[in-house]
Amino acid sequence: AQKITQTQPGMFVQEKEAVTLDCTYDTSDPSYGLFWYKQPSSGEMIFLIYQGSYDQQNATEGRYSLNFQKARKSANLVISASQLGDSAMYFCAMREALESYNKLIFGAGTRLAVHP
Amino acid sequence: GAGVSQSPSNKVTEKGKDVELRCDPISGHTALYWYRQSLGQGLEFLIYFQGNSAPDKSGLPSDRFSAERTGGSVSTLTIQRTQQEDSAVYLCASSSTREETQYFGPGTRLLVL
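Quick mapping for you: the protein sequence lines, in order, are chains Z and X. For the first sequence, position 105 matches number 105 in our numbering, and the numbering has no gaps at all. For the second sequence, position 27 matches number 27 in our numbering, and the numbering has no gaps at all.
Worth double-checking, as some hints may not be accurate.
[As the list claims (entries may be wrong)] Dumping the calculated DMTMM-like pairs for lysine to aspartate or glutamate here, alpha-carbon to alpha-carbon at most 20 Å:
1) X:Lys57 <-> X:Glu99
2) Z:Lys73 <-> Z:Asp26
3) X:Lys57 <-> X:Glu20
4) X:Lys11 <-> Z:Glu44
5) X:Lys15 <-> X:Glu99
6) Z:Lys3 <-> X:Asp63
7) Z:Lys3 <-> X:Glu20
8) X:Lys57 <-> X:Glu44
9) Z:Lys73 <-> Z:Asp29
10) Z:Lys70 <-> Z:Glu44
11) X:Lys17 <-> X:Glu85
12) X:Lys57 <-> Z:Glu99
[As the list claims (entries may be wrong)] Just the calculated beta-carbon pair ranges, DEER-fashion:
13) Z:Gln69 <-> X:Gln80: 41 to 49 Å
14) Z:Lys70 <-> X:Leu113: 30 to 38 Å
15) Z:Gln69 <-> X:Ser66: 25 to 33 Å
16) X:Ser53 <-> Z:Gln14: 47 to 55 Å
17) Z:Ala113 <-> X:Ser87: 39 to 47 Å
18) X:Ser53 <-> Z:Lys73: 26 to 34 Å
19) X:Arg109 <-> Z:Thr60: 27 to 35 Å
20) Z:Tyr54 <-> X:Thr76: 34 to 42 Å
No wet-lab data here; the hints were simulated from the structure. Backbone N, C-alpha and C fix where the C-beta goes; we use that ideal spot for every residue, glycine too.
Kindly produce the complete structure, drawing on both the sequences and the hints.
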């Protein structure tokens, strides 16, 4: 079974609108971390936001927020006020404290296109 | 401060040749990771180094792949007898500890003809 599932291969949004990128995960480890990375066409992976499994509040970083629903095992990324520069691939990733503690497990990614 | 650097940025080689990819982590980061990203795919873990501990090689796809980390800093990923299926972007990341966020380098794009 996939540990990280990103069901949206592609999304588009109008500039200045908000967009939600979906991520569901599968783990039996009680302690884990969830990450979102952005990969522009230039190829580098840029860290955006982190949510720990024991964090009581949803993580926020500027225009990025993480809608963490633990019971549903989802960690959706919300980008508010989209900008043209947000056009990129977005990857959800997980690190488990026990089973995969030495690595990040990545989803297949969602390609976001922001239209003017 | 300086981020993770990788060299070369691009490498074209012929099938059967050996290649070496280099990663220079963020200064002070003790954990170093190599990942591979095939065209249009997510990232696949290859190997992890933590200080002077034995590396976690569980992600290496075959014995043609090896990596070392000298002096707890710079790492080299070596692919022997390259095959066309080795064509991918090889990304290196580092973190201050295993539990902390991983920061990635720009990657090396390898093309095996």
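Hints, one by one, checked against the model:
no., hint, in the structure
1, X:Lys57 <-> X:Glu99, "holds, 18 Å"
2, Z:Lys73 <-> Z:Asp26, "holds, 7 Å"
3, X:Lys57 <-> X:Glu20, "holds, 17 Å"
4, X:Lys11 <-> Z:Glu44, "holds, 17 Å"
5, X:Lys15 <-> X:Glu99, "violated, 38 Å"
6, Z:Lys3 <-> X:Asp63, "violated, 26 Å"
7, Z:Lys3 <-> X:Glu20, "violated, 31 Å"
8, X:Lys57 <-> X:Glu44, "holds, 13 Å"
9, Z:Lys73 <-> Z:Asp29, "holds, 12 Å"
10, Z:Lys70 <-> Z:Glu44, "violated, 29 Å"
11, X:Lys17 <-> X:Glu85, "holds, 13 Å"
12, X:Lys57 <-> Z:Glu99, "holds, 15 Å"
13, Z:Gln69 <-> X:Gln80: 41 to 49 Å, "holds, 46 Å"
14, Z:Lys70 <-> X:Leu113: 30 to 38 Å, "violated, 48 Å"
15, Z:Gln69 <-> X:Ser66: 25 to 33 Å, "violated, 42 Å"
16, X:Ser53 <-> Z:Gln14: 47 to 55 Å, "holds, 49 Å"
17, Z:Ala113 <-> X:Ser87: 39 to 47 Å, "violated, 26 Å"
18, X:Ser53 <-> Z:Lys73: 26 to 34 Å, "holds, 31 Å"
19, X:Arg109 <-> Z:Thr60: 27 to 35 Å, "holds, 34 Å"
20, Z:Tyr54 <-> X:Thr76: 34 to 42 Å, "holds, 37 Å"
Of the numbered hints given earlier, the model fails hints 5, 6, 7, 10, 14, 15, 17; all others are met.
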